[in-house]
Amino acid sequence: DGGITQSPKYLFRKEGQNVTLSCEQNLNHDAMYWYRQDPGQGLRLIYYSQIVNDFQKGDIAEGYSVSREKKESFPLTVTSAQKNPTAFYLCASSMRVRTEAFFGQGTRLTVV
Amino acid sequence: AQTVTQSQPEMSVQEAETVTLSCTYDTSESDYYLFWYKQPPSRQMILVIRQEAYKQQNATENRFSVNFQKAAKSFSLKISDSQLGDAAMYFCAYRSGDTDKLIFGTGTRLQVFP
Chain A
3 DGGITQSPKY
13 LFRKEGQNVT
23 LSCEQNLNHD
33 AMYWYRQDPG
43 QGLRLIYYSQ
53 IVNDFQKGDI
63 AEGYSVSREK
73 KESFPLTVTS
83 AQKNPTAFYL
93 CASSMRVRTE
103 AFFGQGTRLT
113 VV
Chain B
103 AQTVTQSQPE
113 MSVQEAETVT
123 LSCTYDTSES
133 DYYLFWYKQP
143 PSRQMILVIR
153 QEAYKQQNAT
163 ENRFSVNFQK
173 AAKSFSLKIS
183 DSQLGDAAMY
193 FCAYRSGDTD
203 KLIFGTGTRL
213 QVFP
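So the protein lines, in turn, are chains A and B.
Under this note's numbering, the first residue of the first sequence carries the number 3, and numbering increases by one thereafter.
Under this note's numbering, the first residue of the second sequence carries the number 103, and numbering increases by one thereafter.
Hints may contain errors.
Subject to a maximum C-alpha distance of 35 Å in a straight line, what follows is the list of computed DSBU-like cross-link-like pairs (lysine-lysine) [said to hold, decoys possible]:
id : chain 1 : residue 1 : chain 2 : residue 2
1  : A       : Lys72     : B       : Lys180
2  : A       : Lys16     : A       : Lys85
3  : A       : Lys73     : A       : Lys59
4  : B       : Lys157    : B       : Lys180
5  : B       : Lys172    : A       : Lys11
6  : B       : Lys175    : A       : Lys59
7  : A       : Lys72     : A       : Lys59
8  : A       : Lys59     : A       : Lys85
9  : A       : Lys11     : A       : Lys72
10 : A       : Lys16     : A       : Lys73
11 : A       : Lys16     : A       : Lys72
12 : A       : Lys16     : A       : Lys59
13 : A       : Lys72     : A       : Lys85
14 : A       : Lys59     : A       : Lys11
15 : A       : Lys85     : A       : Lys73
16 : A       : Lys11     : B       : Lys180
17 : A       : Lys85     : B       : Lys180
18 : B       : Lys180    : A       : Lys59
Chain B is nowhere near these chain A residues, computed Cβ spacing over 12 Å in every case [as the list claims (entries may be wrong)]:
id : residue
19 : Pro10
20 : Arg46
21 : Glu64
22 : Gly65
23 : Ser82
24 : Glu102
25 : Val114
Treat the hints as calculated values from the structure; they're not laboratory data.
No residue lacks a Cβ here, since even glycine has one placed at the ideal position from N, Cα and C.
Please model the entire structure based on the sequences and the hints provided.
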């Protein structure tokens, strides 16, 4: 079945550790996105990528990093520089322009 | 920079009645696309409806329709014959036709009462 897979669903890390969230899609989509969702703040864009080997910062990129080495994969690393990393993270993908984005089921990251 | 504003944190409606959720956006671009997404308690994002900015006709999808006012930069969602299953968070979204940047508003929580 085609879709977007985020793993794991729940992730726990100790403060000061980097952690990488996985996002894989088999929809042959060009564009991919990472969002952070906190209560009352909607979805805030972290990074997005239009094509392989290229990505742009979103509105809250500080403390995060991404790579886009393959079309189907867009992993997000939450670094120790991110001051409040505990949140729900959503990955999405879409065809270039004119179409809606499809979302994964999200990863709930808790840093203790 | 583009922005999306949803000024109603919460709304409520009785079953079978009609409710309208508001959304305004700001952009200097001429090529863009607007969306409404629904997020039920499962947190899975579901597309409700989309509107291309170049189209004057308002989009409709069954019980869901939009009122797209391009000059006013307004994009409201009307839900007719509300059902209990419509209860969810609703997000308005803007996608740039130039950069593919996709941004969301802060959401409106819709409650549906029997």
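Has the given pair, A:Lys16 with A:Lys72, been kept, meaning a C-alpha gap of at most 35 Å?
-> Holds, at roughly 29 Å.
Is the nearest CB of chain B more than 12 Å from the CB of A:Glu102?
-> For A:Glu102, whose nearest Cβ neighbour in chain B is about 5 Å away, the distance does not exceed 12 Å, so it is violated.
Verify the proposed pairing of A:Lys85 with A:Lys73, using a straight-line Cα cut of 35 Å.
-> Between A:Lys85 and A:Lys73 the Cα gap is close to 30 Å, so the pair holds against 35 Å.
Regarding the pair B:Lys180 and A:Lys59, is the alpha-carbon distance no greater than 35 Å?
-> 33 Å, holds
Hinted pair A:Lys72 and B:Lys180, Cα distance within 35 Å = It is violated: about 40 Å lies between the C-alpha atoms, which goes past 35 Å.
Are A:Lys16 and A:Lys73 close enough, with their CA atoms no more than 35 Å apart?
-> 31 Å, holds
Straight-line Cα separation of A:Lys72 and A:Lys85 no greater than 35 Å?
-> With a Cα-Cα distance of about 29 Å, the restraint between A:Lys72 and A:Lys85 holds, given a limit of 35 Å.
Non-interface claim for A:Gly65 versus chain B (Cβ beyond 12 Å) = 19 Å, holds
Check on A:Glu64 being off the interface with chain B, judged by Cβ distance over 12 Å = 16 Å, holds
If you draw a straight line from the CA of A:Lys16 to the CA of A:Lys59, is it 35 Å or shorter?
-> Holds - the C-alpha atoms of A:Lys59 and A:Lys16 are around 26 Å apart, at most 35 Å.
Is B:Lys157 close enough to B:Lys180, meaning Cα to Cα at most 35 Å?
-> 18 Å, holds
Closest CB of chain B to the CB of A:Arg46 still more than 12 Å away = 8 Å, violated
Violated hints, listed in ascending order, are 1, 5, 17, 20 and 24; each of the other numbered hints is respected by the structure.
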